[in-house]
Amino acid sequence: MTTTSTSVETGAETTARRRQALVRNRNGIVLGVMVVVLSVVAYQWDGVQTTAVTARTVREASPLILAALCGLIGERSGVVNIGIEGQMLLGAYSGFMAASYSGSLLVGVVAAVAASALAGLFLGWAAVALRMDQIIAGTVINIVGAGVTSFFYVAGRTMPRFPQWSVPGLSDLPLVGRTLFAHGPLTYVAALMVLVVHIALFHTRWGLRTRAVGEHPGAADTVGVRIERLRYVNLTLAGSLAGMAGLALIQSAGAFDRGMTAGRGFIALAVMIFGRWRPTGVLGAALLFGLFNAVQAQLQFKQALDIPPQFFGMIPFLLTIAVLAVAGVKARPPAAAGRPYDPE
Amino acid sequence: MTRSEATVTDGPEPTTGTPASTAAPAGDITATMAPDGSPWLLEVRGLTKRFPGVVANDNVDLTLATGEILGLLGENGAGKSTLVKMLFGIHQPDEGMMWLNGTEIRPAGPGDAISRGIGMVHQHFQLVPPLTVAENIVLGAEPRKRRLFDRRGAERRVREISERYGLEVEPSDVLGDLPVGIQQRVEILKALYREAQLLILDEPTAVLTPQETDELLAIMRDLAASGVGIIFITHKLREVLAVTDRVTVLRRGRSVGTVDTSSATTESLAELMVGRSVVLRVDKNEAEPGRVVLDVRDLEVRDDRRQTTVRGATFDVRAGEIVGVAGVEGNGQRELVEAITGIRPIHAGTVTIEGFTVHGHPRSVREHGVAYIPEDRERDGLVGDYSVADNLVLTEYHRRPFAGHGLRHPDAVDHLASELVERFDVRTPGIDVAVSTLSGGNKQKVIVARELSEDKHLVVASQPTRGVDVGSIEFIHNQLVAARDRGSAVLLVSAELDEIFGLADRIAVIYEGRIVAVCDPATVSREDVGLLMAGGQPSEPVAAG
Amino acid sequence: MRAEWRQWVLLPVAAVIVGLVAGAILILISGDNPLTAYGGMAEGAFGSSDAMSRTLEKATPLILGGLAVAFAFKAGLFNIGGQGQLLLGAAFAAWIGFDLNLPMVVHLPLALVIGGLAGAALGAVAGLLKATRGTHEVISTIMLNFVAANLTDWLVSRDGPWKDPESGAVARSPQVLDSAALPRLGFLPVGFLVAVAVAAAVWWIVNRSVLGFEISTVGHNAKAATYAGISVVRITVVAMLISAFLAGLGGAIQTQGVNGRFEPGFNSGLGFDGITIALLARTNALAVVPAALLIGAMDAGSTLMQSRTDVPPEIISVIQGFILFLVAAPSVVRWLLRLREDIGGTKIDLASGWGAS
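Chains as they are written, first to last, in the numbering used here: chain R, 30 to 373; chain B, 21 to 565; chain A, 217 to 573.
It is possible that some hints are incorrect.
Claimed, not checked - Simulated coverage check for chain R against chain A, where a stretch passes if three residues somewhere in it have a Cβ under 8 angstroms from a Cβ of chain A: (1) 151-161; (2) 171-181.
What the hints assert, rightly or not - Take a look, some chain A residues computed to stay more than 10 angstroms from chain R by CB distance: (3) D315; (4) N366; (5) P390; (6) A416; (7) I421; (8) S523.
To be verified - For lysine to aspartate or glutamate, the following DMTMM-like pairs were computed, each having C-alpha atoms within a straight-line distance of at most 20 angstroms: (9) B:K256 to B:E547; (10) A:K439 to B:D323; (11) A:K439 to B:D405; (12) A:K439 to B:E494; (13) B:K304 to B:D475; (14) A:K379 to R:D335; (15) A:K439 to B:E215; (16) B:K165 to B:E180; (17) A:K379 to A:D315; (18) R:K331 to R:D75; (19) A:K439 to B:E180; (20) B:K304 to B:D505; (21) B:K256 to B:D280; (22) R:K331 to A:D375; (23) A:K439 to B:E547; (24) B:K256 to B:E215; (25) B:K256 to B:E494; (26) A:K439 to B:E291; (27) A:K379 to A:E479.
Simulated from the structure, these hints should not be mistaken for lab results. If you're wondering where the values come from, they're calculated on a predicted model, not measured in any experiment. Note that the Cβ used here is the ideal one computed from N, Cα and C, for glycine as well.
Build out the structure end to end from the sequences listed, making use of the hints.
This is the structure in structure tokens:
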């Protein structure tokens with residue numbers, strides 16, 4: 030029988046913890062450094078194209094980040110959300126229509142967030158109160174989301190464009206400027222949300238309880254954490270992130286289109302898994318997916334290779350499968366994800 | 021709502037503080053006083069809880085004084101868990117009242133119970149493995165600093181409490197990496213952090229080594245001395261006698277008596293618990309071991325997390341003997357058994373059964389004459405939604421006469437099922453009801469009937485009587501002995517030392533994935549086996565069996 | 217017996233009615249008359265022998281899509297990939313149909329089987345990934361839907377090998393030969409009969425065969441299945457393969473019996489229809505047939521509905537979403553209709569972690 034020695038935490042221990050975190054994320058860090066170095070090298074070779082690719086990487090990553098964070102909060106609370114695709118469509122549609130009729134972007138944003146939060150609340154109701162299978166509940170959101178937005182679709186409407194926010198000074202920097210500091214508001218929101226969710230998850234009471242509920246709801250229940258309420262709240266909040274993800278799509282496309290999510294709600298789940306259910310991991314994984322998309326788009330645009338566009342079209346989906354087949358083996362999802370909580 | 025006097029059987033005079041029921045109107049019922057004139061820390065009177073089809077608690081009374089340790093004794097299914105779940109607010113009673121320090125309480129949920137100073141250490145730890153010790157302890161009552169979770173503050177506070185009560189833990193350790201004994205301390209600290217004055221320990225020793233158990237009992241005494249009242253739930257008489265002040269015994273949901281521990285004996289408590297005098301030993305003849313049937317050499321096996329948990333185990337089992345594997349849970353028993361039965365891949369070493377070398381493939385292992393009673397019957401051994409009949413052929417469904425040319429033959433299945441249900445005394449409304457509706461003992465009988473209805477070379481039985489009523493335990497034990505006497509080699513894995521000593525002809529002690537000793541139960545002492553289970557070495561060399 | 221009747225008939229019917237009412241509310245919101253719309257739908261589905269044929273034709277791939285989902289459910293798998301498997305089946309069946317010149321007794325069955333196998337190949341990928349890498353089949357089959365859509369797009373596109381040389385800018389395959397086409401007996405499409413026969417065969421496999429027992433054991437309790445000597449890996453792959461074969465066959469029948477050629481992107485959403493149908497049928501293979509007929513009738517009637525009222529056919533998928541929700545959450549229907557507690561729904565348990573399991 031061994032006993033652990035008790036000691037006041039020293040600076041050395043904190044350093045050790047940080048070192049552990051570095052070791053854990055070794056692959057990601059190495060990959061990130063490689064990408065940055067390659068970008069800088071490529072920039073020397075062809076600045077315009079490189080910047081186009083890196084800027085597009087960040088743009089493509091934004092909706093994925095927001096959507097993956099939506100899935101992350103759900104699973105961290107113990108609810109699998111496969112309805113992100115539908116939530117994004119509902120958010121994008123509502124935001125577009127509201128902005129289009131009111132002429133105000135702000136109204137659009139509010140409508141988008143509200144609509145997808147409502148879809149999140151529905152998922153909470155189905156999963157918590159009805160104890161419905163969560164995959165089916167998500168599928169319902171996808172079907173109804175795609176159906177309603179197509180049913181009420183009105184062709185030919187327009188809405189005010191999202192502004193481009195260039196950070197004064199920084200946006201003029203070579204490579205970095207166009208890549209990081211000249212985007213629409215939702216790209217900055219996506220970056221901000223990574224930080225917010227990270228702090229909330231690991232440094233607040235809410236986060237501790239959420240992680241406990243996602244891993245072992247029984248344990249949380251026996252210390253008086255109100256599991257059902259927490260799941261409702263979290264799924265609603267997470268839903269609003271999916272709405273922002275939908276807006277990020279509109280920010281790029283300029284208007285709503287039927288089925289404009291094109292599978293991004295599902296790819297977001299792969300991003301979440303690849304990011305190991307951590308906001309910082311999601312950021313890295315989403316950027317990686319974004320990079321692939323950007324490179325593919327650039328190659329296709331330049332017609333650099335004589336490959337039919339359909340094959341380019343398959344890349345993100347094959348990539349998702351490959352990522353899951355490789356990373357999914359080691360992935361350890363929150364233990365309670367997918368299971369209705371039954372106090373018996 | 022009429023109340024009847026709690027039945028008190030023979031045995032020492034009950035000291036229950038409850039006066040004979042005077043059927044007073046509910047509003048007038050008040051708490052009674054402890055012998056020292058102050059209110060009881062806890063008083064429970066007439067508590068009744070019904071579930072569809074069963075009365076889990078029927079008019080239960082008990083009292084607990086400050087600083088007292090009360091044993092709550094009873095068989096599986098006697099209603100101990102239901103009772104404490106009502107105290108802790110997980111279930112709400114249908115009838116009856118509870119007082120804490122003379123104030124009536126009716127906990128609406130665990131949160132409510134906790135806020136009143138009731139703490140509970142659950143049989144299955146209610147801990148979150150990926151969180152740290154400190155995070156687990158403060159969960160639900162977290163300190164905050166500038167609106168953020170104050171991790172350092174939490175760790176400081178945990179360190180203080182752990183030092184005050186002598187329960188040493190490192191607050192920043194990740195819980196899932198810690199041994200079971202430490203995890204249990206975290207559970208106790210969780211209650212103390214919430215300033216519990218009443219601590220309920222639900223079967224806390226089931227997962228501990230004898231040495232860890234002794235440490236826990238010492239901790240309990242210290243806590244009681246510092247003024248905490250403790251309800252200690254167990255079915256192990258030895259522990260009750262070692263640590264409690266009084267014992268309340270439950271049988272079939274009713275409290276059948278409360279006795280002073282000082283005047284109780286193992287026999288008197290056992291009789292009170294079961295309602296008849298119990299045969300604590302299994303009748304069996306001397307074993308007549310024959311050829312080696314199971315031969316395990318330098319076996320290494322990994323668990324689901326790819327950790328090597330069986331690390332070079334070597335032993336054998338002969339025809340006509342029962343070898344009992346004694347060990348604290350989590351020392352590789354599960355992986356050992358799963359490797360022998362082909363369910364888990366063998367990482368290194370060999371397993372040979374009657375000359376057949378096991379290479380995974382559970383079916384080929386079975387076809388070489390192996391029966392297997394798994395540890396977790398609901399999870400591994402039965403399909404709950406399937407009928408009793410289909411479960412009885414779960415391992416033979418594909419063979420004649422149950423199937424042919426790829427088609428199933430339901431008549432043959434039903435025929436066998438009717439016969440086995442009769443022969444093994446499975447209490448079921450019919451062979452076509454879902455097996456999940458049967459009681460634990462009858463579920464286990466379904467498995468035993470399936471596995472032992474034909475003679476096998478090797479019988480592997482893992483925790484065969486866990487969670488089973490006394491009648492079924494005797495039946496299952498007799499079946500294992502009978503299989504031995506018909507010439508099978510029997511490998512029995514059990515966490516209950518009583519079961520090992522009662523059944524085994526040789527005892528193999530497993531510790532951290534190795535068989536550290538093989539002993540003769542006739543000559544080895546319980547204490548020495550306990551020491552070996554904990555990784556220690558007995559002062560005298562253990563006689564090899 | 218009464219309780220059985222309620223479970224099999226009352227609950228699904230109630231779900232359909234509530235779903236139609238919800239759809240009616242949406243139609244009202246969009247400014248149309250739901251009675252006119254539904255009247256048009258009914259007439260378009262049953263109003264003439266042509267309408268009846270159309271309903272049966274629409275129901276045919278839905279039967280197979282529903283069977284695909286229901287069959288995978290038995291093994292505890294969720295095949296959302298029906299759409300991609302169907303597309304691949306349809307394309308490959310078309311290829312056999314136009315490219316080979318064989319007598320009908322060989323040609324037609326060959327086209328159907330190859331179509332089924334093409335779907336099965338796609339399903340096998342998901343099954344293998346699940347069994348060996350723990351990749352959750354829900355995500356992998358959805359991803360494969362997109363892959364299949366792109367692949368079949370390309371096959372009949374400008375650069376593709378199976379492009380109809382006479383279609384100009386239109387992406388489609390050549391017409392399949394008569395020897396590979398499914399005929400029609402009066403108003404009864406032969407493809408429908410094939411689908412019904414397949415439903416009976418699936419029922420029989422599930423309920424009477426050793427394989428069916430193994431599949432359902434894995435679906436109920438994979439640990440116990442391993443204990444019983446059943447290879448969970450093998451059953452996972454086989455179940456996914458058969459499920460995907462059914463979807464691929466649905467595509468093949470669509471090509472050989474209705475479209476006569478492959479055109480990309482037809483009948484999108486079939487995978488989701490299959491889920492609704494399978495749950496409406498409580499995953500019973502025989503009950504899939506009436507469930508598919510119901511959804512098929514809605515599809516068949518949607519054209520006439522649109523021409524009468526301007527209600528776009530997307531309303532069908534919204535109604536289906538509601539129906540799916542209601543059959544998966546029977547407590548809601550009970551509450552809405554004040555039914556007694558003893559009506560159970562289909563107990564489905566699919567959701568679990570995405571990682572290795």
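_Contradicted hints - numbers only_ = Hint check: 4, 12, 15, 19, 23, 24, 26 fail, others pass.
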